[in-house]
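Asker: Sequence:
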Amino acid sequence: MKTHILMVCLGNICRSPLAEGLLKSKLDAERFQVDSAGTGHWHVGSMPDSRSIAVAQKNGLDITDQRGMQFKPAFFDRYDHIFVMDNYNYEDVVAQATKDEDKAKVQLILDEIFPGERVDVPDPYNDSLRGFDRVYEMLDEATTKIAERLS
1 MKTHILMVCL GNICRSPLAE GLLKSKLDAE RFQVDSAGTG HWHVGSMPDS
51 RSIAVAQKNG LDITDQRGMQ FKPAFFDRYD HIFVMDNYNY EDVVAQATKD
101 EDKAKVQLIL DEIFPGERVD VPDPYNDSLR GFDRVYEMLD EATTKIAERL
151 S
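Quick note on the UniProt record's numbering: the sequence shown kicks off at 1 and runs consecutively.
Derived by calculation from the structure, the hints in this document are not laboratory data. Hints are supplied without guarantee of correctness; some may be wrong.
Pairs of lysine to any residue residues, derived as SDA-like cross-links and limited to a Cα-Cα distance of at most 25 Å, are as follows [claimed, not checked]: (1) 72 to 45; (2) 105 to 44; (3) 2 to 30; (4) 72 to 43; (5) 26 to 147.
Using the sequences and the hints, build the whole thing.
Answerer: Written out as structure tokens, the structure reads:
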């Protein structure tokens, strides 16, 4: 039986696609399914932002097969772990939970690096490519810790 993991950000075009691609590259596909979603609906069906694609490609990852989807309450039944990129996403996702066990599945991704500090992954959407590089580095470190813990 596979463990299902979901990465969540606001639009599902910048941070969560990078997190999905990074974690997929570090886990056994036979044992783990990794996806991503956004709390907003604006980019459903869209490819990741071209800057996320470029940063991923620069680091040896191809995320061009990903398409945006919106988080739905039914995802609590589908996913075992839900990693959110920031406190806003956390509040939005947890507000859709109807059971304490669903809320317990939701975690800030940077809690892997900064336990209990509630640190956000900055949204690079209005930033330069350098902002995307910084986000990639943060997510690379966090997903390495997640992969080590889950493997």
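Asker: Work down the list of hints and note, for each, if the structure agrees.
Answerer: How the hints compare with the structure:
Restraint check for residue 72 and residue 45: the C-alpha separation of about 15 Å stays at or below 25 Å, so the hint holds. Proposed proximity of residue 105 and residue 44 is supported: the alpha carbons are some 23 Å apart, at most 25 Å. With a CA separation close to 7 Å, the supplied pair residue 2 and residue 30 stays within the 25 Å bound. Restraint check: the Cα-Cα separation between residue 72 and residue 43 comes to about 14 Å, which is no more than 25 Å; the hinted pair holds.
Under the criterion of a C-alpha separation no larger than 25 Å, the hint pairing residue 26 with residue 147 is consistent with the structure, at around 6 Å.
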